[in-house]
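Asks: Since the structure of chain A is provided, determine the placement of chain D with the ligand on it from the hints.
Taken in order, these protein sequences are the chains called A and D.
Residues 1 to 489 (the working numbering) are what the first sequence spells out, left to right.
Residues 1 to 57 (the working numbering) are what the second sequence spells out, left to right.
It is worth saying that the hints were derived from the structure and are not from the lab.
Check each hint, because a few of them may be wrong.
[Claimed, not checked] Straight-line alpha carbon distances no greater than 35 Å define the calculated DSBU-like cross-link-like pairs of lysine-lysine that follow: (1) Lys260/A <-> Lys122/A; (2) Lys210/A <-> Lys48/D; (3) Lys295/A <-> Lys229/A; (4) Lys122/A <-> Lys481/A; (5) Lys68/A <-> Lys344/A; (6) Lys55/D <-> Lys238/A; (7) Lys166/A <-> Lys17/D; (8) Lys316/A <-> Lys55/D; (9) Lys68/A <-> Lys55/A; (10) Lys477/A <-> Lys316/A; (11) Lys481/A <-> Lys22/A; (12) Lys200/A <-> Lys163/A; (13) Lys229/A <-> Lys55/D; (14) Lys265/A <-> Lys48/D; (15) Lys260/A <-> Lys17/D; (16) Lys210/A <-> Lys122/A; (17) Lys344/A <-> Lys122/A; (18) Lys103/A <-> Lys344/A; (19) Lys48/D <-> Lys330/A; (20) Lys48/D <-> Lys163/A; (21) Lys364/A <-> Lys17/D; (22) Lys22/A <-> Lys316/A; (23) Lys77/A <-> Lys399/A; (24) Lys200/A <-> Lys4/D; (25) Lys210/A <-> Lys163/A; (26) Lys263/A <-> Lys330/A; (27) Lys48/D <-> Lys122/A; (28) Lys48/D <-> Lys103/A; (29) Lys238/A <-> Lys122/A; (30) Lys55/D <-> Lys200/A; (31) Lys330/A <-> Lys4/D; (32) Lys260/A <-> Lys200/A; (33) Lys68/A <-> Lys48/D; (34) Lys163/A <-> Lys17/D; (35) Lys481/A <-> Lys55/D; (36) Lys17/D <-> Lys200/A.
[To be verified] Under 10 Å between C-beta atoms, here's a sample of chain D residues computed to sit facing chain A: (37) Met1; (38) Asn14; (39) Lys17; (40) Thr21.
Yeah, the Cβ is synthetic: ideal placement off N, Cα and C, and Gly gets one too.
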Amino acid sequence: MARLVVLGGGVSGHTAATFAAKWLGSAHEVVVVTPNSQWNWIPSNIWVGVGDMSKQDVVFDLAPVYRKGNITYKQAKAISLNPEGKEGADTPFVTIEYTGQGKEGQTEEVTYDYVINATGPKLNFAATPGLGDANGLGEYTVSVCTADHAVHASHELDRCIEKMQKGERQKFLIGTGHGMCTCQGAAFEYAFNIESKLRKAGVRDMADIKWISNEAFLGDFGMGGLHMKVNGYVVSSKLFAESLYAERNVDWIIGAHVNKVEKGKAHYELLDGTTGVEEFDFAMLIPPFAGVGLKAYGKDGSDITDQLFAPNGLMKVDADYTPKPYSEWKASDWPRTYQSPAYKNIFAVGIAFNPPHLISKPAKSPNGTPINPTPPRTGMPAGITGKAVAHSVCDLITKGEGVQLHEASMAEMGAACVASAGRGLLTGTAAAMTVYPVVPDFDRFPGTGRDTDYTFGEIGLAGHWIKQVLHYLFIYKAKLKTGWTLIPE
Amino acid sequence: MEKKVIPEELNFQNNDKMNLTMIPSRYARFMRTCVIWQFIRFVVLNIKMLIVVRKSH
Ligand SMILES: Cc1cc2nc3c(=O)[nH]c(=O)nc-3n(C[C@H](O)[C@H](O)[C@H](O)COP(=O)(O)OP(=O)(O)OC[C@H]3O[C@@H](n4cnc5c(N)ncnc54)[C@H](O)[C@@H]3O)c2cc1C
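So that you can see chain A by itself, here it is in the shape it has in the complex:
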């Protein structure tokens, strides 16, 4: 009997573990190690953050689902990997520390035949003084990155609405809290959901809403923007993003590295080297992401973390990490199998793998500060990479070492993404977008880097309905309800 250990029960880890358990059956064991007791459909945290949904609407308990899926569930966080075992024992293992199941604080060595690292991002609030510290989110801003953060954000928003109802103007600052952030899409959604919420509450005229981000242009989204066909033209997402901001009267600061946050103030440096301070009453600034800080040790106990992980804590996989200038970036730099080059039985999926480089054009201020979005790995690529690697591991277990691994390069896959701009069955709107491929390939698609037959975007009520349907569909799928395997990632 072989054992697959999946580290992280988020979008990619849950996908990998549930498919692997289904394909392997009871002949082999699938173990999930994840510190949370509940699964969170993260995209809907936006709606929790404006009070349109409760936390209960976006989470469910993992234990019964893993029981149903024949998965061994350890509510714990992984601390380190020993890919060669330890003195006197050759079997590789992961050291975990329990966070629940009545064993809080206890450590355990979980041996494995294969391990999939799907630990997602560390929300690195500490990277920006005042945004937070090693313990997480600070006291001056809010976040929607977790369901609990979103509940807190919603309460703070209610307080601002009360103040506006009493005649006090409020300034909202939404965007990214560092020059190296990703996930602009989530901040974009939150900005426009707040705007919509304030309109519904009848206080929009009492609010100044400002966007601040590290994108070189509005609509970059960490993907270098996208070009799409509209009314006989092929146009950049910049035009549509700016149009929406102007329509909804959301002012913007772009090319900004927020370098310090104080009570009611965000300090920033711009791409042209100038600095500024933006005041706010309410701010939601996405933190930069890093790896969760797993360590790796050799058989003799020596620290081999740098063999498995990049300095940012994300895991090195089969990508081409050779540093090269933007003009030499190739689609083929991107990983295909997500296998660790150091150990063939270790894989990393979702946000946990280290991308070879940015997707957006790199940019620095004259002071040398890098100000550019890092590559997004949204839900669809996270799910697809999770499933592809699960497939590879199952083949390795059932057919033996020589099998061809399954491939899922972000330079060959597309992504569908729906960004809410306000909720409401008949009044809601969302930008429904697809890009193909996620990573532009200028050899295959000279000009825009993408296939404009399959890269499109459009805002409207239909997008909102899709977002709402996806909410129910993906929670249904994650609960392993009847027919779950038929729902695509």
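Replies: Using the frame of chain A, we list chain D with the ligand on its own:
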């Protein structure tokens, strides 16, 4: 002379950045939440997205 206010055009004068964008007209805004049109778009968008999903697996 009589003042002619077109609400959806007011934001052009908020600042120079907004002045240089395109802002949807009343017709474009209406179509965004017109239930019949959006139902058609819902079907079209789902088909387009499913094609991209299929190409990606
Ligand atoms: C507010 C917000 C809105 C978003 N909206 C969208 C959207 O509309 N569409 C879209 O496609 N994407 C969206 N995304 C992105 C999407 O959530 C991510 O792409 C996806 O969650 C990544 O999956 P993952 O498995 O890599 O990481 P996660 O889903 O974050 O999962 C990581 C898991 O690992 C666990 N973990 C952490 N440390 C350890 C450890 N040491 N040991 C074991 N487990 C650990 C975590 O608890 C978590 O369960 C949004 C993100 C945010 C923050």
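Asks: Determine for every hint whether it applies to the structure shown.
Replies: Here is how each hint holds up against the structure:
1. Lys260/A <-> Lys122/A: 19 Å, holds
2. Lys210/A <-> Lys48/D: Judged against 35 Å, a Cα distance of about 33 Å means the pair holds.
3. Lys295/A <-> Lys229/A: 46 Å, violated
4. Lys122/A <-> Lys481/A: 30 Å, holds
5. Lys68/A <-> Lys344/A: 30 Å, holds
6. Lys55/D <-> Lys238/A: 26 Å, holds
7. Lys166/A <-> Lys17/D: Roughly 31 Å separates the two Cα atoms, so the pair holds.
8. Lys316/A <-> Lys55/D: 26 Å, holds
9. Lys68/A <-> Lys55/A: Answer holds: Lys68/A to Lys55/A is near 23 Å, not above 35 Å.
10. Lys477/A <-> Lys316/A: Holds: Lys477/A and Lys316/A sit about 30 Å apart, inside 35 Å.
11. Lys481/A <-> Lys22/A: Satisfied, since the Cα-Cα distance of roughly 13 Å is no more than 35 Å.
12. Lys200/A <-> Lys163/A: Within the cut-off at roughly 15 Å; holds.
13. Lys229/A <-> Lys55/D: Status holds; Cα separation ~19 Å.
14. Lys265/A <-> Lys48/D: Judged against 35 Å, a Cα distance of about 43 Å means the pair is violated.
15. Lys260/A <-> Lys17/D: 26 Å, holds
16. Lys210/A <-> Lys122/A: 26 Å, holds
17. Lys344/A <-> Lys122/A: Since the Cα atoms of Lys344/A and Lys122/A sit roughly 25 Å apart, the hinted pair holds (cutoff 35 Å).
18. Lys103/A <-> Lys344/A: Since the Cα atoms of Lys103/A and Lys344/A sit roughly 32 Å apart, the hinted pair holds (cutoff 35 Å).
19. Lys48/D <-> Lys330/A: Distance ~27 Å between Lys48/D and Lys330/A Cα, so the pair holds.
20. Lys48/D <-> Lys163/A: The given pair, whose Cα atoms are some 44 Å apart, is violated under the 35 Å limit.
21. Lys364/A <-> Lys17/D: 23 Å, holds
22. Lys22/A <-> Lys316/A: 28 Å, holds
23. Lys77/A <-> Lys399/A: 31 Å, holds
24. Lys200/A <-> Lys4/D: 27 Å, holds
25. Lys210/A <-> Lys163/A: 18 Å, holds
26. Lys263/A <-> Lys330/A: Distance ~43 Å between Lys263/A and Lys330/A Cα, so the pair is violated.
27. Lys48/D <-> Lys122/A: With a Cα-Cα distance of about 34 Å, the restraint between Lys48/D and Lys122/A holds, given a limit of 35 Å.
28. Lys48/D <-> Lys103/A: 48 Å, violated
29. Lys238/A <-> Lys122/A: Roughly 29 Å between the alpha carbons, so the hint for Lys238/A and Lys122/A holds.
30. Lys55/D <-> Lys200/A: 40 Å, violated
31. Lys330/A <-> Lys4/D: 54 Å, violated
32. Lys260/A <-> Lys200/A: Satisfied, since the Cα-Cα distance of roughly 33 Å is no more than 35 Å.
33. Lys68/A <-> Lys48/D: 34 Å, holds
34. Lys163/A <-> Lys17/D: 29 Å, holds
35. Lys481/A <-> Lys55/D: Holds, at roughly 25 Å.
36. Lys17/D <-> Lys200/A: Holds, at about 26 Å.
37. Met1: 27 Å, violated
38. Asn14: Nearest chain A Cβ about 6 Å off; hint holds.
39. Lys17: It holds, given that the least Cβ distance between Lys17/D and chain A is near 7 Å, below 10 Å.
40. Thr21: 4 Å, holds
Consistency with the previously given hints fails for numbers 3, 14, 20, 26, 28, 30, 31 and 37, ordered from lowest to highest.
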